[in-house]
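Chain A is already provided as a structure; the job is to place chain B on it using the hints.
Number of protein chains: 2
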Amino acid sequence: MAEFSVIGERLPRVDAREKVTGEAKYAADYSLPNMLWCKLLRSPYPHARILSIDTSKAERLPGVKAVVTAKDFGGWTWGWMPATRDEPPLAVDKVHYMAEAVAGVAAIDEDTAEEACQLIRVDYEELPGVFEPEEAMKESTPRVHDYAKNNISVEYHWNFGDVEKAFAESYIVREDRFRTSRATHGYLEPPAILAYYDPTGYITVWASKQSPYFHYRHLAACFKLPLSKIRVIQPFIGGGFGGTKNDSLAGDFCAVLLSKITGKPVKYVESMEEELVTSRRRHSMIVYSKMGAKKDGTLTAIHHQVVADGGGYTAVGPLSLYLAGFATTLPYRLPNFKYDAYRVFTNNPIGAAMRGHGITHTRFAAEIQMGMIAEELGIDPVEVRMRNAIDNPKPGTIYETINKVTLKTCGLKEAIQKVTEDPIWRDRNKTPRKEGDISWGVGLSGTSYLGGARQMGHQACAAIVRVCEDGTVNLITGATDCGQGSDTVLCMIAAEELGIKLEDVNIKRVDTAYTPVDPGSYGSRVTILAGQATQKAAREAKRQLLEAAAKTWQVKSEDVEIREKKVFITSDPERSMPFDKLARIACYSGTGAVILGTGYSGYGLEPLDLTNGIGNGGTSYSFTAQSARVGVDMETGKITVTDFTIASDCGRLLSPIQAEGQIEGASVQGMGQTIYEDFIMDRGKTLNPTLLDYKMPHSTDIPNIKLIDIVTNDPDGPFGAKETSEGSIVSTPPAVVSAIHDATGIWFKELPITPEKVIKALKEKL
Amino acid sequence: MAEFSVIGERLPRVDAREKVTGEAKYAADYSLPNMLWCKLLRSPYPHARILSIDTSKAERLPGVKAVVTAKDFGGWTWGWMPATRDEPPLAVDKVHYMAEAVAGVAAIDEDTAEEACQLIRVDYEELPGVFEPEEAMKESTPRVHDYAKNNISVEYHWNFGDVEKAFAESYIVREDRFRTSRATHGYLEPPAILAYYDPTGYITVWASKQSPYFHYRHLAACFKLPLSKIRVIQPFIGGGFGGTKNDSLAGDFCAVLLSKITGKPVKYVESMEEELVTSRRRHSMIVYSKMGAKKDGTLTAIHHQVVADGGGYTAVGPLSLYLAGFATTLPYRLPNFKYDAYRVFTNNPIGAAMRGHGITHTRFAAEIQMGMIAEELGIDPVEVRMRNAIDNPKPGTIYETINKVTLKTCGLKEAIQKVTEDPIWRDRNKTPRKEGDISWGVGLSGTSYLGGARQMGHQACAAIVRVCEDGTVNLITGATDCGQGSDTVLCMIAAEELGIKLEDVNIKRVDTAYTPVDPGSYGSRVTILAGQATQKAAREAKRQLLEAAAKTWQVKSEDVEIREKKVFITSDPERSMPFDKLARIACYSGTGAVILGTGYSGYGLEPLDLTNGIGNGGTSYSFTAQSARVGVDMETGKITVTDFTIASDCGRLLSPIQAEGQIEGASVQGMGQTIYEDFIMDRGKTLNPTLLDYKMPHSTDIPNIKLIDIVTNDPDGPFGAKETSEGSIVSTPPAVVSAIHDATGIWFKELPITPEKVIKALKEKL
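Read top to bottom, the protein sequences are chains A and B. The letter at position 374 of the first sequence is residue 374 when you use the numbering used here, and the numbering goes up by one with no holes. The letter at position 236 of the second sequence is residue 236 when you use the numbering used here, and the numbering goes up by one with no holes.
In isolation and in its complexed conformation, chain A is listed as follows:
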């Protein structure tokens, strides 16, 4: 009998049919009788003082029911940590970035609300703007926030080992400046909310949130209501990736406040242009990387100095900066590491979280710089990686980094080996290096990402498994499937644990009035932590069922097992009954049991020291090796990516179809950010605020992608699983950049590598 009957099977998603048929309802699809529409007035300046706001003309427009401005929120602000709550729902006194929301209108329809916004008169005094983060840190630069000296929003200074000594003793030391782009998440569903503040003091919203319990806390705090009176009902989510849907936004707060004032439901749907212009985006980070190595390529030390463009407010900036630092001690052994990082306020839109959060920036820098060093030392790219890669700890042992990040499994060496045995890498010199104007190159990368992200505070997941008397199961969890397919994975975990089939397990969307609190969908945490919780809840329900079986058969419950919907005595499998019969016996017993299992994740984990970068940011760590093959048109600078081979150590793949989809999707997104994607800014203004101008990969741009599974069995993941997908958005940029170097001889250090930059660099090289 196979080890598993559900886990590892190529099963379709539990929501496939709803999504394919258009049955699935998203936030903007919800309506209520007597509903009003909300629109926002946004600032035309990136930095300006608000002298006065006159809403009287807007209020008099027929069909307008209410207008709100900052004063209606009574000075309330929010943010990721208590110390960084600097963002008001509507701008107070001053706007800090272009298109920041200044006023909100509720009217009987969208057009009237829009028209009313145009009737609001705001007198601004324009202020000098701050747009370049390194410039922003100068004493002479105006402040974005009066309290923030040198415009510093967050800073960290960590020092592990002795980098200065290590550099002094190194055979080679390099210093380079890297810069990453301002990328956006590019989900297809715009943020939307339908809000109802009922007169009894209870808020119900249908909102497109990938972490609905963040939003629940924000609403409770903003409206000074108990958490138990905030109901966030989660529709289907059309992608999140850590963007605006992982936070709350002006339209959310305005819709709820306008509902409170008018007594009617209020709907707000952000236009795609509003979303692109104002949404939290990936930080653009400048990474000064100093790296030392021995003659044989063994790394001796890294010193990263980071300056991140934070934009107008803090948001999750402290986490971004932490993530950009703590994982630099992975995936290669690193005995000395120093990190000096600044997140800086500017009058640009806000920098925040995005898939591959934080690690994309510094791993890109370090991986490329290691390639440069290997090149200088004449060492093969594979050799330098294999020499430095962390070994897979023997079962039961732990590898600990200098900043106390601990690994129980690491498949990196195996991944590098498998990728380099693959024809793309193996035969890279057998194929023509040049065809017409096209110069071909192949690159390699090795990376790591955390899974099961942990923070201080309320970080655990819970699950409730309810066994119905017909043997089918309802899985009740606060975990969010924002499109990645985690609902399917959680149902598979419950089915495997209970010995039933995937179709026997049903899950519905998060509803904070009923589902257990859950941090949300970010930091690759759902499979690992909500998965742990689900596994434990299913185990607890199974324990109750096995007791009922044991009582029926007069045996011990540890002698009973369930596999593929058959309940049997382990030593005498002929004594058996179908699962649904056992469910009926258990539910209809004279004792009147209700079969409910509950489970929790993450008990017993030590707290994390965010400020000092010590400890585990994740529960476990994935490892990825990737090759990329590119063709560079030496005349036009156009880069075509033709092949990826990605070997991922994601622990055990629970749902291969979905893991593959995640890895492929993330690598394509990573490719976009390497060669296409960037918001072009002009003094705080986004010049390419549409998906026509902000270029993302089309389906025709997708390379051949070959995936190789490196199966480790991580003891902290359900059935040995680790994270999937954030690894390959980290591994893709250095693989592609290395391939471009292989094709052109040029090491590009700023993303994205557009044709213009290629041409310019080729000209400079000549």
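Treat the hints as calculated values from the structure; they're not laboratory data. Hints may be right or wrong, so weigh each one.
Which copy is meant is left open, so a pair is good if it fits within one copy or across any two.
[As the list claims (entries may be wrong)] With a straight-line cut-off of 30 Å between C-alpha atoms, the simulated DSS-like cross-links for lysine-lysine are:
1) Lys749 <-> Lys295
2) Lys508 <-> Lys224
3) Lys508 <-> Lys19
4) Lys508 <-> Lys25
5) Lys413 <-> Lys294
6) Lys765 <-> Lys638
7) Lys71 <-> Lys149
8) Lys19 <-> Lys224
9) Lys94 <-> Lys224
10) Lys57 <-> Lys94
11) Lys581 <-> Lys508
12) Lys65 <-> Lys25
13) Lys765 <-> Lys295
14) Lys19 <-> Lys638
15) Lys264 <-> Lys25
16) Lys224 <-> Lys501
17) Lys19 <-> Lys65
18) Lys581 <-> Lys224
19) Lys566 <-> Lys224
20) Lys565 <-> Lys19
Just chain B now, with coordinates in the frame of chain A:
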């Protein structure tokens, strides 16, 4: 410090504001985009063969989307027990009562659906009808169902002790025939459903159900879907009382099937006339009561022979007949008891459950007959009751009836004493007996009712208490508040147990996708059984919180207590913190706990023998003594009830306001059924099918009601609670009938006692 801080307080209902402001949404208030309306075609005959149905003309009517008849349900039938599943959603081959549904239509609006119904051509062959239950039992009478010999639907024959011997040895034996009326529940909200069968094979309904999990099982069975794919969302319920809302009805099944066929949501709202004509109603029962007593009035034996008019189908008939029997050994000691009961099929509408279910009939008969015997023996009505009343068992002991019903508490004697000390009884002979045409009388009764009804099978309640990090709580339960206020009581239980305030606990309506399975709201079970579950769930959450407090203070958790939102060390109350701080500590601990407590009711109860009437139908038993004062107009026969004094042993009153409302409401409903309410039938046709013609008490009819609490502390109820309200619908009829006897000298044995009956009896007496 008082024993309790929430329990026993006069706190307003948790849903008071929603209901008073009209915020509360009932099933008929729900709509969905593209929704269709369902209407039913009903039979004009009480008993007829269906020769053919032609729906083609209806189908061609513009706006009609689908028409269904019995064949579309493939022969599926439902019922209360597996052996009694005799009712199809739409009549198959034959109609068994007038206005039975024959076809269902879905159309774009109500009028079109109604018009289409009129276009359906049904050819009937009218059959001879059966309308009188005693007549129905004769061999020569046609059968309502071919398989049911003598038209017997259910029968029970129980024999405890030796009644024949006891009658032979009795000083006095009486035999009387009593009859109860066909009363209806009279809730203000008509049955309604909004149904959506989505193409993925998942049913969602918003339905006015007092036991939503019954409906969930019916839908799963009818549509052959797993239970985990049936989502019954419960809106507010405008009264249930055990009527149609405790079952499923033709409109429910048709709406779901029509949604399946059309792919659109379908809404069905029953008109009040349809409801009154077709709904399950209280059985009209004929009770032949034979009672023996000693010379001093001590009861020796009762033999009840019951014939109940069951109407066209079985429904919950087996339960009605069981309840009419098992509790006759309460509230007076009874050494010998025989019960021969028949529920009989007729072509009348279906008899089923109603507040005071079953017991109202036989207790009315026995209580009046005991009064007759006392009168014959010249014994005072108080004396005969005190002589026979069961004593309150000493704490830790049990009183067991001859049919193994067990009591741990019984406040009957105290209740009789308190009621008879009250001026209405005490001064009954001091007030004028006659004023003009009005003759005054005062009557007395003593009764019992079960609480926490138990059945075989899936009978337990569960609750989940979720503590939010701000110290407020979500209570998640499948228990139903159908208007009685049980949500408030459950929230009070959770608040008391956790040491917080009522306003800190929030509850939302049942949603079978999230809430634990629960049998529903019937048999006075919510406070007792869902209350037990809630108390245990709160205790479990509290245990987790106390552990966190103990860890913080480095003490043992048993040394920490919580009262009125203050957490403190019992031996050193100065060491304390607010509850919300503890919640934050517990939820934000490094271990990442999610504070979820689960609890279940009723573990360890022995199974019940329904067929033989042995064992406990309830978890515990309430006791009520009641006096009533009436004035009878000796010229017109009009009866005016002026005063009730009701002493109830409901265990401990958890929420006095609501208990009082329940007792008062039930006594007024009982009064209506004693002197006003009855469906007048003519060969299967209901002649008074509107609330204008079917007379219920108006607010102006309500007497002065004085309530006296008899507090016993029942060990099986949460905080000592027993049932409330079903007791006083049982005690009111015999109290009023005794008062009428006191005023007129006539013992009426058939309900209701209308002016016509009074005049007729007075004439006969002369």
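Hint by hint, here is what the structure shows:
In this assembly of identical chains, the alpha carbons of lysine 749 and lysine 295 lie at most 30 Å apart only when taken from the same copy (24 Å versus 111 Å across copies). Taking CA atoms no more than 30 Å apart as the test, lysine 508 paired with lysine 224 passes in both settings, with 29 Å inside one copy and 20 Å between copies. In the homo-oligomer, the alpha carbons of lysine 508 and lysine 19 lie at most 30 Å apart both inside one protomer (14 Å) and across protomers (29 Å), since each shortest distance falls under that limit. With identical chains, the CA atoms of lysine 508 and lysine 25 are at most 30 Å apart both within one copy (12 Å) and between copies (23 Å).
For the homomeric pair lysine 413 and lysine 294, the shortest alpha-carbon distance inside one copy (20 Å) is at most 30 Å, but the shortest distance between copies (97 Å) is not. Taking the closest pair of Cα atoms, lysine 765 and lysine 638 come within 30 Å of each other only inside a single copy of the chain (17 Å); across copies the shortest separation is 113 Å, beyond that limit. For the identical chains of this complex, lysine 71 and lysine 149 are intra-copy neighbours only, at 27 Å inside a copy versus 79 Å across copies, given an alpha-carbon limit of 30 Å. In this assembly of identical chains, the alpha carbons of lysine 19 and lysine 224 lie at most 30 Å apart only when taken from different copies (23 Å versus 37 Å within one copy).
Proximity of lysine 94 and lysine 224 under a CA criterion of 30 Å is satisfied intra-copy only: 25 Å inside one chain copy versus 61 Å between copies. Taking the shortest alpha-carbon separations for lysine 57 and lysine 94, only the intra-copy value of 22 Å comes in at or below 30 Å, while the best inter-copy value is 69 Å. For the homomeric pair lysine 581 and lysine 508, the shortest alpha-carbon distance inside one copy (25 Å) is at most 30 Å, but the shortest distance between copies (32 Å) is not. Taking CA atoms no more than 30 Å apart as the test, lysine 65 paired with lysine 25 passes in both settings, with 28 Å inside one copy and 24 Å between copies.
Only within a single protomer do lysine 765 and lysine 295 lie at most 30 Å apart by alpha-carbon distance; the minimum there is 27 Å, versus 124 Å between protomers. Taking the shortest Cα distances, lysine 19 and lysine 638 never come within 30 Å of each other, neither inside one copy (36 Å) nor across copies (67 Å). Proximity of lysine 264 to lysine 25 under the C-alpha cut-off of 30 Å is found in both arrangements, the shortest distances being 22 Å within a copy and 14 Å between copies. In this homomeric assembly, lysine 224 and lysine 501 come within 30 Å of each other (Cα to Cα) only across copies, at 18 Å, whereas the closest approach inside a single copy is 44 Å.
In this assembly of identical chains, lysine 19 and lysine 65 lie within 30 Å of each other by CA distance solely across copies; the values are 25 Å between and 36 Å within a copy. Only between protomers do lysine 581 and lysine 224 lie at most 30 Å apart by alpha-carbon distance; the minimum there is 17 Å, versus 49 Å within a single protomer. Taking the shortest alpha-carbon separations for lysine 566 and lysine 224, only the inter-copy value of 21 Å comes in at or below 30 Å, while the best intra-copy value is 52 Å. Taking identical chains as interchangeable, the C-alpha atoms of lysine 565 and lysine 19 lie at most 30 Å apart only when both belong to the same chain, with a minimum of 28 Å there against 46 Å between chains.
Violated hint for the displayed structure: number 14, the only one.
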